[in-house]
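Please build the complete structure, drawing on both the sequences and the hints.
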Amino acid sequence: MLHAVDLPNAWIGRARPRDAAARQAAGGGRFVDDLRFARMVHVAYLRSPHAHARIGAIDITAAAAMPGVVRVVRAEDLDPIMSPWTGVLAHFKGLKSAPQYPLGRGVAVFQGEPILAVVADSRAAAEDALALVQVEWDALPAVTDPEAALAGAPIHEALGDNLAFTRTAETGTDLAAAFAGAHKVVESHFSTARHTGVTLEPRGILADWNRADQRLTVHHGTQAPHMMKEIFARHLNLPEEAVRVICPDVGGSFGIKVHVYPDDMATVAIAVLLGRPVKFVADRLESFTADIHAREHRVHARMAVDAEGKILALDVDDLTAIGPYSVYPRTSAVEGNQVVNISGGWYRVPAYRAHLRVAFTNKPPTCQYRAVGHPVAVAVTEGMADLAAEAVGLDPAEFRRRNLIADDAYPTKAPSGILFEGLSHHKALARLLEIMDYDALRAQQAEARAKGRHLGIGIACFVEIANPSAAFYGVGGAPISAQDGCTVRLEPGGAVTVASSITEQGQGTEAILQQIAAEALGVDPARVRVITGDTERTPYGGGTWASRGAGIGGEACLQAARGLAANIRDLAGAVLQAAPDTLALRDGAVVDAASGAVRMTLPELGRLGYFRGDLLPPGVQPELSVTRHFQTRKFPFAFTNGCQGSLIELDPETGFITLLKHWVVEDCGTVINPLLVDEQVRGGVVQGIGGALYEECLYDADGNLLNGNMADYLVPMAGEMPDIVVAHIATPTAESALGAKGAGEAGTAGAPAAIMNALNDALRPLGARLTDMPFTPKRVLDAIRRR
Amino acid sequence: MRLALTVNGQATSLDVEPRMHLIDALREKLDLTGSHVGCEHGVCGACTIRLDGVAVRGCLVLAVQAEGCDVQTVEGMAEDARFDALRAAFVAHNALQCGYCTPGMLAAAAELVEAGGTPDRAAIRAHISGNYCRCTGYQAVVDAIADVMEGAA
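In the order they appear, the protein sequences are chains V and F. Counted from 1, the first sequence has number 373 at position 373 by the working numbering; the numbering is strictly sequential. Throughout, the working numbering is defined as the position within the second sequence, counted from one, plus 787.
Keep in mind the hints are simulated off the structure, nothing from the lab. Among the clues, some could well be false.
Covered stretches of chain V (chain F as the covering partner; in silico rule of three or more C-beta atoms under 8 angstroms from a C-beta of chain F) [what the hints assert, rightly or not]:
{"id": "1", "stretch": "15-24"}
{"id": "2", "stretch": "467-473"}
{"id": "3", "stretch": "698-712"}
C-beta atoms are modelled at their ideal positions from N, C-alpha and C, and glycine is treated no differently.
What follows is the structure, given as structure tokens:
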């Protein structure tokens, strides 16, 4: 395979399959539920069947007497072991929440809240016993609607009301004047439905407290092991050195596995209580009721444009419902806050206002899920763009060309004031129209319409946050590191070991670190072993979230590998009596940089360095391990950008939408492995399509989940998904030598808007319009009948 | 209950409760943890295994129903040369990310590959529509299966 830079060391940018894929395909995956330890017991949780209820007397007699039961654990049993937590951050001024305990006490505030645990020698025995626990429930009125919540009695009396957080951003020129003087003003509401991540591997944790040495080892399917170590230590009142967190294989995360969950915390506390390994793996119903949910937003927006179709003003009002608690430690204010930060972010918007209200309700807590807030902000912005284009008689593509921030305008700011380092909206849009063959597609659409077929074409431009700095969480007091570290070590035989604080959930973290180290050290990636997901074997760092693995962890790896390469050249130079800068590393050897002649192989150098110090010149100390850390400092985020196109066919008789094709142009900076990035983008698009067409946690007015199983909660399946064409523009970030920004979330950010615009393009001739996701056949038919 | 069956080519007998699912018996009694459990109600396909050569949901078959049967899990498929090309294609196309769905996806795909022919992409998509994957966009999975079937045809 020829690479653009066809040097032996050019591994960055190459499509290379992952070692882990071969292991997984051969049945070698090891997830939390696959681990077995001596004396291990299993825990199952009794969860509130009510959305809001006083917890009366609990009778555990029959349960405790069941065969196999080790212990029935009540909420108060854990009080001496674990302290409660509150999901607030100092930089979200006014954000409030109530203390949360591993097991709920007094009043249950959402359906699925764990209130009692049964520990037994098998999960089945624990569940059998749970069925015999008697609880006197006193059901209370549940508040499930955010408007009603804001007007009604507080869920937590001590908080005074149900307004968890509010913020208004107002920037630029006079908003009222801009609307008053506009050529056209368009206005619309939007809603996105509460949905959840549905990781195929449910959340799992196996905690092992060793009483003899007072040490806790937690095997946890988490994205952020160092953060969890900090949190376990803090709430168990243990010194940090007493806690180790290890991630086995993690079966999908998407943000779901980066939060602090009461059942996870209770499992760890119970392990300390019992002094033996305790395993908890959520079943699917528990996943639906106790994983975080996301994206329950109602938005009203207005846009003002002049006669040329230039945007004059954008006004966005977002109301979001987060359940009864703000989730620890990231908080549940972030999603709505992103809507405020991101909306309109790729356009020149002279007058901007965004207003956010975050309401407590009696549904499960919401928090950060893939592309946090972006699917909402992008759908609102791009929905308004299409309305405005229609109002002034412009094609949607032309409207975007007139309003996108110019590619040479950077650095610049979003309408909200957020800083952009360098983006490529015009290049990306031009490329999208090219790969879609946009004009031909419009002709095809017109032809189909003449034959009575309803095709729709939608496009959506967007930005996506990546590589956050300490300004995201650390500044607010959370134990969430914005930096990552990497140690790169030469082995005596010429192999390389990389230990990194970023983590692997299948996206290819370990594969890209292999390629980065291989390029810097001139070795074959197959000779690079990567260690992640262990707080005792990796440097300290934030882990994998917010599309930061490649950009932050990758740069730390590159710098560490470059540092090691320099040390290798120094050592070789001392031995060979050559100036280090005349030497280079290629194909597993130290070579003369000019001629390429091999001077010394890496195994030769490794053996000298580790075993034959007696042969080295005086004063030469080989340093064959190097650690480097990296975090972004100049910009609070390294934004990525892109645009997506969707072609759909609507059946107005049934309301069914068929996805015919989808296109993505993505600028994630330097691409390290296109094989991984492209399918990562596609996976993101498919999750975005899920939110647009299928996924919704349906609740009745009393807060009961109506579709807590995979048969009724629909996610995208292979049969409904289109082929997805992915193309790239590369605008590397100048904050790092690597230049990578992050590719994990952009697909999800842009897809719902592209689908929505395609649907409304198909509905337009029918006089209908729909902006309430998911676009189920019933909603589509209702929209057509409403016209 | 005492149960006798063949698992990955080996005659095996084990004690199971009548209510135990086959997938739990394989995972818990025989430590064949390569198969994963995703929903326990027959929808997600993660626990798909081969029972007498037919792809079945391991969570919808009681262990006692497998009496006398020939069970093949991902561990057995990994040592079965008939599936080498399929596995290699999954790796080459990166048709998996976290790998949790992969053992089931492979068992489902193997059934199509064994049936032979060169199904179009829509037919391949339809065949694997009983298997959730939350990481990929399914496209790489379709590419991998199409690759193997075109190669074999």
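Which of the stated hints cannot be reconciled with the structure, identified by number in ascending sequence? Those not satisfied come down to hint 2.
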